[in-house]
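Engineer: Given next are the chains, with one letter for each unit.
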Amino acid sequence: MYILEISFAVHKRTQTIKSMKKHYCIFITLSTIIFFGSCKKDKNTTTTPVTPVTYTVPTTYNFTNVNYNNQKMLLAMADQIVAKVNLANTIPNTVVVAQTLKDMFNNVNNHFNDSAYNLNTSGLKLADYCSATAQADLMNYFDSIGVYSQSTTSASEGVAGVSASSASPTKKYLLSPSGIFYSQLIKKTIMGGICAYEIANVYMADSIGAGIDNNTVVAGSGTALEHYWDEAFGFFGVPIDFPTNVSGLKYFGSYSNQVNAGFSSNSILMNAFLIGRAAISNKDLTTEQTQAAIIVTTFDQLDAAAIVQEMKETDENIEAGDAVAAYGTLSEALGFVRSLKYNTSATRIITSAQIAQLEALFDSTNPDVPNLYNFVNAGGSTASEIEAKTDAIRQLIGHIYNFNSTQLAAM
Amino acid sequence: MKKRIGILFFAGVFATLAVVAFSCKKTKSTMAGGGTDSVLINIGNNIILPAYEQLTSTTVALDAAITDFNTAPDATKLANVQTLFKSAYVAWQSASEYNGVGPAMSNQPAFSGLNLFPVTTTIIDSNIIVGNYNINVLANATAKGFPALDYLLFSDGGSSVLANYTTDIHAANRKQYLAAVSADIKAEVSAVCNAWQPTGGNYVNIFATNTGNSISGSLGLLINSLDQDLEVLKNDKLGIPLGKQPPGTTLPILPKEVEGYYSGISVQLALVQLKAIQSIYTGVITGSNGMGLDHYVVAVNAQYNNGPLSDTIKTRFAQAVIDMQAIPDPLSATIQSNPLPADNEYTEIQRLVVLMKTDMPSSLGILITYGDNDGD
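Those protein sequences? They're chains A and B, same order as listed.
Residues in the first sequence are numbered consecutively from 1, following the numbering used here.
Residues in the second sequence are numbered consecutively from 1, following the numbering used here.
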């Protein structure tokens with residue numbers, strides 16, 4: 001993976017793409033190396049030479065008329081919902097009212113702390129950007145937080161409550177009676193059911209499809225096609241000079257960076273967003289579609305890689321003797337597993353049957369509503385017995401997504 | 001799809017060129033892979049093996065003394081056990097650096113589980129009363145290993161330590177628990193040590209020949225393991241007790257979170273650990289200057305603030321040792337009465353972590369693969 005890191009460092013130099021009518025030659029020029037891609041002999045152009053259109057792919061997301069303020073505001077709303085949920089992770093307990101969370105999700109009754117964004121009066125609401133399945137799940141999770149945050153005891157099997165991590169005693173976790181850490185499950189559902197869903201299932205599918213206008217330029221937001229592409233980028237959660245700059249990463253931006261050593265998601269995604277946006281602005285819609293397909297597939301793989309990453313963190317928690325933190329990382333993983341279902345793309349790699357298989361590895365007797373106390377079983381299992389379970393999940397993901405053992409280890 | 005493949009193909013071509021260029025700079029180093037590596041040979045044979053041998057001999061001696069103590073506990077035998085415990089705990093500090101490498105990494109139960117602190121005394125007490133336990137289940141993770149011995153051998157429980165093993169109504173069960181914890185330590189240490197020995201699993205040879213800078217190569221494993229250990233020193237041994245963990249927060253001082261709380265030797269232990277990490281970097285072990293990680297850093301001519309990176313790292317290690325020596329034991333009392341020296345050392349170790357976890361690995365092309373585990 002180190003090798004790919006090097007290649008990317010250079011890869012970010014200016015890429016020049018030439019486009020010709022009816023066929024494409026892509027030249028990516030770096031130093032003295034030129035790559036010729038998919039150049040076909042075109043029998044029809046021999047008599048009518050075409051002047052090639054040359055365009056440059058910038059190294060950062062600096063294009064004319066980029067505007068994804070709505071996504072910044074939506075992610076700010078998501079941050080505030082998560083922060084509200086996190087209030088329950090305190091001793092003594094803080095009750096979090098489910099209706100408040102639902103109101104925030106629908107942006108009614110002015111619950112947001114407005115800063116520069118004026119979120120309450122923005123007219124935006126996360127509910128409009130959420131997969132229907134994810135939305136149903138989120139409403140259930142909000143109800144659960146509303147009920148469990150009323151507990152005044154510490155958590156144990158069958159009893160909701162707040163317990164502290166043993167390794168980091170300042171970290172507190174409100175756990176459900178079955179050991180689910182809802183604050184992370186909610187955060188991961190927002191990632192899968194809103195961020196990844198919007199990018200892969202909405203923008204890269206419908207919103208950039210044929211018939212979307214790419215000629216009329218609106219000042220400040222470009223053409224409709226450009227604007228949809230930019231909004232998709234806005235849901236990624238990275239700065240414009242990612243991955244050179246990895247500060248301030250949010251949601252899948254953060255996860256891409258965490259699993260990057262495993263499959264170079266940083267450069268794959270950022271290059272695809274950059275090339276695709278440049279292609280749109282230069283009416284090169286074939287290249288745009290190719291990049292869109294890369295983004296859709298990579299978000300599918302990224303979610304799977306995030307599950308593997310959570311297995312690594314679970315192992316670290318188990319080896320630190322920290323069962324409470326392990327419930328937290330297992331809940332994160334559960335959120336990513338359920339997020340696989342929100343992805344309705346035809347190119348999704350994992351099948352529904354395989355998702356069911358994964359869920360059964362969390363709790364074979366209750367795959368739909370797993371009891372994580374069964375998974376960890378602190379009183380009866382050694383660390384190696386628990387790690388055998390995390391490894392089964394890791395191996396199944398590797399098998400389905402074709403990640404080899406070196407990749408799995410680096411995620 | 002062709003275009004995508006093309007781009008990746010191109011990336012591959014360039015990567016190959018980049019690697020060739022990279023290797024050319026260091027034709028004398030074997031970091032590019034293949035053969036053996038003199039740095040790894042030195043670290044394996046002259047630093048790691050002696051560290052595990054010392055840990056083995058001290059834990060064997062400790063276990064024998066505990067067996068003897070349990071037959072007829074008296075003050076002399078208790079003092080002997082306490083002394084041998086300190087020697088073994090000190091020896092651990094020079095071996096924990098390799099918890100993420102080879103035998104210790106694959107050891108089950110988790111080898112790092114021998115030093116999970118703070119100990120949960122309520123679990124130990126209830127295990128002793130019940131008298132029926134498996135110390136290797138997860139629920140007992142903080143009721144075993146060196147921290148458990150620290151508690152069992154130094155906490156007077158309101159009367160005296162000796163009374164706990166003689167007149168206390170749970171004396172028999174407590175002796176049994178003491179023996180079980182010690183036997184577990186001895187068994188796990190000897191298994192790992194044996195796996196490294198040329199006469200045993202000979203991992204020392206695998207270590208020396210697993211060259212290159214991939215994440216599964218010895219250098220990648222060693223640096224990741226070393227950095228994790230350094231972060232244990234920064235976060236667990238200093239940061240949490242000082243109320244500085246997670247960073248940027250101001251929390252109450254937590255004296256009971258220190259390592260070796262009951263024996264009161266926290267700084268002594270931390271100093272040995274720090275020096276052990278330093279010796280892997282410098283290659284210097286009592287009197288002789290062999291090749292350490294510094295050899296690689298010098299070979300790639302890594303720079304830091306217009307000077308050699310290696311010089312900066314060595315300077316910071318030396319300063320961290322001086323600052324550590326300025327903290328009086330017991331640490332749990334010092335951080336309450338005069339936290340400044342420990343604060344200084346925490347800052348100093350923070351600097352070292354940046355150099356060892358960011359600057360050094362990136363100059364050597366090593367990826368840090370362990371997580372922050374921050375819940376995001």
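No lab work stands behind these hints, which were simulated from the structure alone.
One should not assume that every hint holds.
[Stated by the list, open to error] Listed below are the simulated DSBU-like cross-link pairs for lysine-lysine, each with C-alpha atoms no more than 35 Å apart in a straight line:
id, chain 1, residue 1, chain 2, residue 2
1, A, LYS102, A, LYS171
2, A, LYS250, B, LYS275
3, A, LYS283, A, LYS171
4, B, LYS256, B, LYS314
5, B, LYS186, B, LYS256
6, B, LYS256, B, LYS275
7, B, LYS357, A, LYS250
8, A, LYS171, B, LYS186
9, A, LYS72, B, LYS86
10, B, LYS357, A, LYS172
11, B, LYS86, B, LYS256
12, A, LYS172, B, LYS256
13, A, LYS250, A, LYS341
14, A, LYS125, A, LYS102
15, A, LYS102, A, LYS283
16, A, LYS283, A, LYS72
17, B, LYS77, B, LYS186
18, A, LYS250, A, LYS125
19, B, LYS314, B, LYS77
20, A, LYS283, A, LYS172
21, A, LYS171, A, LYS72
22, B, LYS275, B, LYS314
23, B, LYS314, A, LYS172
24, A, LYS125, A, LYS171
25, B, LYS77, B, LYS357
26, B, LYS186, B, LYS357
27, A, LYS341, A, LYS283
28, B, LYS275, A, LYS171
29, A, LYS171, B, LYS77
30, B, LYS86, A, LYS172
Engineer: It remains to establish, for every hint, whether it holds in the given structure.
Structural biologist: Now the hints, each set against the structure:
1. LYS102/A - LYS171/A: It holds: about 26 Å lies between the C-alpha atoms, which stays within 35 Å.
2. LYS250/A - LYS275/B: Measuring from Cα to Cα gives roughly 38 Å; hence the hint is violated.
3. LYS283/A - LYS171/A: 51 Å, violated
4. LYS256/B - LYS314/B: 32 Å, holds
5. LYS186/B - LYS256/B: Distance ~26 Å between LYS186/B and LYS256/B Cα, so the pair holds.
6. LYS256/B - LYS275/B: At roughly 24 Å apart (the allowed maximum being 35 Å), LYS275/B and LYS256/B satisfy the hint.
7. LYS357/B - LYS250/A: Satisfied, since the Cα-Cα distance of roughly 23 Å is no more than 35 Å.
8. LYS171/A - LYS186/B: Holds, because 33 Å separates the two Cα atoms, which is no more than 35 Å.
9. LYS72/A - LYS86/B: 56 Å, violated
10. LYS357/B - LYS172/A: Judged against 35 Å, a Cα distance of about 28 Å means the pair holds.
11. LYS86/B - LYS256/B: 18 Å, holds
12. LYS172/A - LYS256/B: 19 Å, holds
13. LYS250/A - LYS341/A: 22 Å, holds
14. LYS125/A - LYS102/A: 11 Å, holds
15. LYS102/A - LYS283/A: 42 Å, violated
16. LYS283/A - LYS72/A: Measuring from Cα to Cα gives roughly 27 Å; hence the hint holds.
17. LYS77/B - LYS186/B: 19 Å, holds
18. LYS250/A - LYS125/A: 19 Å, holds
19. LYS314/B - LYS77/B: 42 Å, violated
20. LYS283/A - LYS172/A: 52 Å, violated
21. LYS171/A - LYS72/A: Distance ~28 Å between LYS171/A and LYS72/A Cα, so the pair holds.
22. LYS275/B - LYS314/B: 12 Å, holds
23. LYS314/B - LYS172/A: 39 Å, violated
24. LYS125/A - LYS171/A: Distance of about 30 Å is within 35 Å: holds.
25. LYS77/B - LYS357/B: 44 Å, violated
26. LYS186/B - LYS357/B: 32 Å, holds
27. LYS341/A - LYS283/A: Cα-Cα ~34 Å, so holds.
28. LYS275/B - LYS171/A: 31 Å, holds
29. LYS171/A - LYS77/B: Distance ~42 Å between LYS171/A and LYS77/B Cα, so the pair is violated.
30. LYS86/B - LYS172/A: 34 Å, holds
Of the numbered hints listed earlier, those contradicted by the structure are 2, 3, 9, 15, 19, 20, 23, 25 and 29.
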